[in-house]
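Construct the entire structure; sequences and hints are all you get.
Residue numbers (this note's numbering), protein chains in the order written: chain A, 8 to 327; chain B, 23 to 269.
Incorrect hints may have been included.
[Unchecked claim] One-sided excerpt, in silico: chain A residues whose CB lies under 8 Å from chain B:
no.	residue
1	W14
2	K88
3	S168
[Said to hold, decoys possible] Computed Cβ-Cβ distance ranges for the label pairs, DEER-style:
no.	chain 1	residue 1	chain 2	residue 2	range
4	A	G254	B	V81	51 to 61 Å
5	B	P210	A	G254	41 to 51 Å
6	B	K216	A	G241	33 to 43 Å
7	A	L111	B	T224	49 to 59 Å
8	A	G15	B	T172	43 to 53 Å
9	A	G253	B	Q258	20 to 30 Å
10	A	G253	B	T224	27 to 37 Å
11	A	M227	B	R71	23 to 33 Å
Since the hints were made in silico from the structure, they are not lab data.
Here the structure is a predicted model, which means the values were calculated and not measured.
Think of the CB as a built atom: it goes at the ideal place given N, C-alpha and C, for glycine as much as any other residue.
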Amino acid sequence: MGEELTWGMPVILYLFLAGVGAGAVTVSSSVLLRGGGGDFGGRHFKLARYGALIGPFPVMLGTFLIIFELGRPFRMFNLFKVVNLSPMNIGSWLLMIFITASFLYTLTFLPTFISQWKNLSQRLAPLRTVLAWINVPLGIGVAVYTGVMLGAMPARPLWNSPILALLFLVSALSTGIAMIILVQTLFHKKGADTEAERHFHQSAYLLTSSDAMLIGLELMVIFLFLMFAHLTIGNVKYAVSIILPGGDMAMMFWVWVVAIGLLIPAIIELIFVVPKLVYHRDYSAPRSVEIVVSIAVLVGGFMLRYIIVHAGQVTGPMGL
Amino acid sequence: MTAAAAAAATAIAAIATTLPTRSESKTDTERENGKESRTKRYGMVIDVRRCIGCHACTVACKSEFDVPLGVNRAWVEYVEKGVYPNVGRSFLPRLCNHCSVPPCVTVCPTNATYKRPQDGIVVVDSGLCIGCKYCIQACPYDARFLNPVTGFADKCDFCIHRVSKGLVPSCVNTCVGGARIFGDLGDPNSNISKLIANNQVTVLRREMGTFPNVYYIGADHTDELDAKRPEVRKVQVVTHRRHEERR
Ligand code: SF4
Ligand code: SF4
Ligand code: SF4
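So, in structure tokens, the structure goes:
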């Protein structure tokens with residue numbers, strides 16, 4: 008595995024960061040829209056704001072990294088001279104629009120921090136809603152395209168699966184949520200205001216329960232991905248054997264992605280979610296648990312990109 | 023209902039027939055300009071029976087284009103199989119297949135890689151390429167590389183500069199055994215078309231659906247994976263490239 012890869016760490020980091028950012032913005036926008044300014048959105052306004060404040064920056068960082076993975080970085084504008092059906096071309100356009108839209112979305116939240124600007128903040132509210140409407144499909148598009156880009160090549164049988172894009176989408180949403188939980192927990196100061204405290208825990212519950220659900224879905228997608236690859240014969244079966252038991256990258260995949268990134272966080276999340284879900288107890292997870300779980304989900308998301316990108320390139324079609 | 027269906031069918035037929043006509047009309051204007059009278063389809067036959075594995079083509083190609091160290095437009099693989107005394111070694115000269123359905127073209131985000139309509143050569147426009155390496159991933163033959171000097175995607179271009187002047191490609195010119203035969207697959211009377219008609223030919227990784235235009239006569243398609251089969255026993259493929267393993 009020591010050989011150099013055509014697409015190395017910058018691409019892996021880009022796929023991860025674009026997923027986190029797109030996920031965070033999509034979640035933030037959906038939460039904002041779900042309430043339509045009413046109770047739901049109002050109660051979770053802070054959550055939406057955290058998502059918006061995180062959103063564009065991982066995507067920008069990832070994009071910056073990937074530009075310098077190009078053989079000729081200063082030529083990247085050639086991407087925008089044409090429109091064609093290459094997933095990378097469509098993805099670049101999407102990415103450009105998404106970065107612009109999500110950055111504007113972030114800006115609309117800034118006045119809400121300053122109480123003197125309440126007026127401006129209220130006048131920006133409709134714009135915020137419009138941008139949220141734009142950002143949901145764009146965020147999903149960015150997350151999906153990363154998977155489509157890898158999946159477009161028969162020469163890379165491990166990636167050449169329609170379900171890979173779905174896997175990346177679910178992982179993007181899940182890591183986006185984990186990022187919001189992490190930031191919200193780190194920046195939250197325990198106040199005397201019990202009302203604010205209750206809202207904070209309600210938001211945390213909403214995020215954690217959604218994340219647990221997404222992780223369940225992700226496990227299902229991984230299961231389908233592996234099962235169908237294993238049940239076929241030929242290139243795909245041969246390629247996927249690298250992450251199945253006995254393969255070179257199997258340990259890494261099952262320990263880092265499945266156990267640390269998915270199973271353990273899901274179990275911990277459920278331990279705190281179920282009492283509220285079933286017995287209507289108050290949800291309150293300790294700060295340390297929130298931090299550890301969200302970091303584990305983020306690490307798992309990164310390792311998923313790392314292993315898929317790596318394994319896809321060291322496996323190829325069988326025979327000549 | 024039937025009338026509508028018939029109309030639709032006619033429309034489809036009309037579209038289908040206009041497609042070739044359009045390229046023909048292009049040829050017409052070319053004819054007026056005194057250029058080639060017919061679109062060509064360049065291809066190559068590699069008669070492995072004639073190859074002695076001398077790497078003359080590799081070297082000729084390298085010097086023709088000043089290809090940097092560590093990367094190749096043309097290369098020769100050695101395939102060794104069996105266990106002494108029942109062993110064999112065969113050679114497999116390689117280059118870009120100038121595929122009829124080239125996946126490298128499909129994925130290129132800048133249209134830098136395209137298949138020339140006039141002769142079927144797949145080329146990289148160095149004025150457009152951004153070096154994203156997508157095409158390198160997409161080629162099932164590992165025929166492409168990132169040129170470490172220019173930063174562009176690079177590969178065999180069938181020696182356009184020579185072929186357009188009526189010369190054969192450099193690797194063909196130099197081949198001591200006459201194993202590389204270049205020509206126009208669209209012309210039924212060309213040497214290469216006759217060779218393909220009269221011999222058993224194969225192409226590489228045909229299951230990829232790329233319809234390569236480089237044909238092989240007498241190629242041994244054995245791969246290192248085949249060593250898993252008990253009767254093959256041992257296989258060693260040497261690519262003579264920086265990437266020792268076939269990809
Ligand atoms: S061999 Fe590779 S580089 Fe050449 S045309 Fe086919 S896919 Fe493209
Ligand atoms: S490296 Fe160049 S030729 Fe290849 S896909 Fe990217 S832009 Fe196109
Ligand atoms: S045709 Fe020209 S570029 Fe292609 S392998 Fe032969 S010498 Fe090299």
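Hints versus structure:
1. W14: holds (6 Å)
2. K88: holds (7 Å)
3. S168: Violated: closest Cβ of chain B sits about 15 Å from A/S168, beyond 8 Å.
4. A/G254 x B/V81: 51 to 61 Å: violated (39 Å)
5. B/P210 x A/G254: 41 to 51 Å: Roughly 49 Å apart at Cβ, these two residues keep to the hinted range, so it holds.
6. B/K216 x A/G241: 33 to 43 Å: holds (35 Å)
7. A/L111 x B/T224: 49 to 59 Å: Between A/L111 and B/T224, where Cβ atoms are some 57 Å apart, the hint holds.
8. A/G15 x B/T172: 43 to 53 Å: violated (20 Å)
9. A/G253 x B/Q258: 20 to 30 Å: holds (23 Å)
10. A/G253 x B/T224: 27 to 37 Å: Holds: the Cβ-Cβ distance is about 32 Å, inside 27 to 37 Å.
11. A/M227 x B/R71: 23 to 33 Å: violated (54 Å)
The structure does not agree with the numbered hints 3, 4, 8 and 11 stated previously, though it agrees with the rest.
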